[in-house]
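Read top to bottom, the protein sequences are chains A and B.
Following our numbering, the numbering of the first sequence begins with 1276 at its first residue and continues without gaps.
Following our numbering, the numbering of the second sequence begins with 76 at its first residue and continues without gaps.
These aren't lab readings, by the way, just hints derived from the structure by calculation.
The model shown is predicted, which means the values in this text are computed figures rather than measured ones.
Heads up, some of the hints might be wrong.
Heads up, simulated DMTMM-like pairs for lysine to aspartate or glutamate below, C-alpha to C-alpha not over 20 Å straight-line [unchecked claim]: (1) A:Lys-1356 / B:Glu-470; (2) A:Lys-1361 / B:Glu-470; (3) A:Lys-1361 / B:Glu-131; (4) A:Lys-1356 / B:Asp-320; (5) A:Lys-1357 / B:Glu-79; (6) A:Lys-1356 / B:Glu-412; (7) B:Lys-508 / B:Glu-470; (8) B:Lys-449 / A:Asp-1382; (9) B:Lys-229 / B:Glu-212; (10) A:Lys-1357 / B:Glu-470; (11) A:Lys-1356 / A:Asp-1382; (12) A:Lys-1356 / B:Glu-507.
Taking beta-carbon pairs under 10 Å as the criterion, some of the chain A residues facing chain B (in silico) [as the list claims (entries may be wrong)]: (13) Pro-1330; (14) Leu-1331; (15) Ala-1385.
By construction, the Cβ of each residue, glycine as well, lies at the ideal position given by its N, Cα and C atoms.
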Amino acid sequence: MRLNSMPRKPSPPPTVITRRQFAQTAAWASATAALTVVPAAASPILGNHGDNESPLDEAESEARWQAIVHRYGDRLSEEQKKRLRKILAYNEKLLTPIRNYPLNNGDSAATVLKFYEHEAARALRRSAKDQDHDNPKAKE
Amino acid sequence: MLSEDILYLPVRQLGERIRQRQLSPVALAESYLQRSQQLGPQLNAYVTITTGLALEQARAAEREISNGHYRGPLHGVPYAAKDLVAVKGYPTTWGARPYAQQAFDYNATVIERLNQAGAVLIGKAAMIELAGGLGYESAKAALTGPCKNPWNPKYWTCGSSAGSGAIVAAALAPWALGSDTRGSIICPSAWCGIAGMRPSFGRVSRHGAMAIAYTMDKLGPMARTADDCGLILSAIAGHDPRDHDSLPSSLASFTYHGAETATGPLRIGRLANVWNRMDPGLEQRLDDALKVLEKTGAKIRDVQVPDGPYEEAAELTILMEAASSFQDLIHSGRCAELDDPLGRINGYASEQFTAPEYLQVQRVRLQLQRQIDKLFEDFDVLTTAGQSTAASPIEAPPDDGSEEPLERRAPDGLSSLCGLPAITVPCGFSKEKLPFGIQFLGRALHDHAVIAAANRFQAHTDWHLQRPPLQGA
């Protein structure tokens, strides 16, 4: 699928980890150490974009497909309905490493991208300097 | 008509000649219009050529400059705008059949800024329908047909700023406005052999521009040189209260004084693990390009991007936000009018994502942003290819993509997810004589750094001076 820009090139088959395997790994990890962000080059916890759907993913994908057919079925050809199954399965694969990514309760969301703190601090310093320059008596 | 030698000049030189009254804005606009009318249809490069507006703006510029009122380097210089920005009095089709008759009674902020700079709009550039917002699988997903690459019309320009790429490469205008949610400026610029810049997220207002993904959409320049990109960005950047995600004035504004090259040793990190596969010829050109930079004093080291679901997060963010942006199209069923078979149904699937899933993606995104930001502690810019190959044939089989493993560290997804500035400039040619690009990525808000690195490269190479062998020019 292309979104927005460019063609994607095939890559070698990645490591596959199911949600169940992840749960086992995470349970072991939490028993031994606190989970933190994993910057490792190839972390099994992060999982990968695998070819196999877990039964849970399959069930979820099927439920979503049913919801689409229930709401929009009369608009869709049989071929489109078939294709939607593939799209939903693909979307599940996209979600897998996101669900598996280790997060702490307090980790917030980048719902709007913010500039980094050092840039903000620099801008504030600049702004304060400008104010001092414009109004030198204000400091007195 | 003015000679091709004039029409292929960069914006800086055109502006300088206009300022010195050696070049008439009217003659320049007329020449680009004539060339656009002649070659534009062959390349499927335009949706609309705005002849009346262009001549009116060019005459106004000529009058003002004659009267001593010179506005700056874009005054009297023509450009084209991707057909997703609103231009009062002209259709704004978003490249898609359901919006073929759409018109707005106001100008997008970016158009207003360019009007203030005295620029001359000569047309609305063709694009992939909805800028690929609902997905697409071939170059044919466009209201105006597949956009043809000026270097070889059997090849595609890439999308979604397809027309903008073709227009600049074929010198139908000296620069064009593009938009980039995940690679839509960088890819067509690389494939068309021009300079293209995606500014930091929030620098350029998107008010009046079609939205795909609110937290990822950017507008930016596509031009002949990195220096031109800097000039243009300085005119279009700035805070706009009508764009909720616009950065505050102190951060949004961008001042550019000239062909800047980085001072002191430039620290460049060569991204060693972002592509699964790269054209071997391109690999060689990148090596050559980095040798050029090394000779100028740049310090270059390989750097690995830490693992993480960058591409998944980028793709999910676009899918989820686009389901909201195009909700009316999806609910009304008018998505069935789109040209692309995938675009007709993809929105139904994207609607099924849940709010917790969206938030989960955004929570992971923040971690990934921090992870990538750390890379810049050791480097001024990161570099890799603009794309991993040269242009693909227009007749390539449809790319459904769902069976392919993701290229999860692909630089477009990664850097778009993090709102980072990037620029690509040409660095050589493939065996088929199609352009390759080298891109530089910078830390968020370090737009100067990527321009400076690309400027330095272009000051020592002449790839950007090559011209495509156009038939019928």
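Here's how the hints hold up against the structure:
no.	hint	in the structure
1	A:Lys-1356 / B:Glu-470	violated, 26 Å
2	A:Lys-1361 / B:Glu-470	violated, 24 Å
3	A:Lys-1361 / B:Glu-131	violated, 52 Å
4	A:Lys-1356 / B:Asp-320	violated, 37 Å
5	A:Lys-1357 / B:Glu-79	violated, 52 Å
6	A:Lys-1356 / B:Glu-412	holds, 17 Å
7	B:Lys-508 / B:Glu-470	holds, 18 Å
8	B:Lys-449 / A:Asp-1382	holds, 18 Å
9	B:Lys-229 / B:Glu-212	holds, 17 Å
10	A:Lys-1357 / B:Glu-470	violated, 25 Å
11	A:Lys-1356 / A:Asp-1382	violated, 38 Å
12	A:Lys-1356 / B:Glu-507	violated, 40 Å
13	Pro-1330	violated, 18 Å
14	Leu-1331	violated, 14 Å
15	Ala-1385	holds, 4 Å
When each numbered hint is compared with the structure, violations occur for hints 1, 2, 3, 4, 5, 10, 11, 12, 13 and 14.
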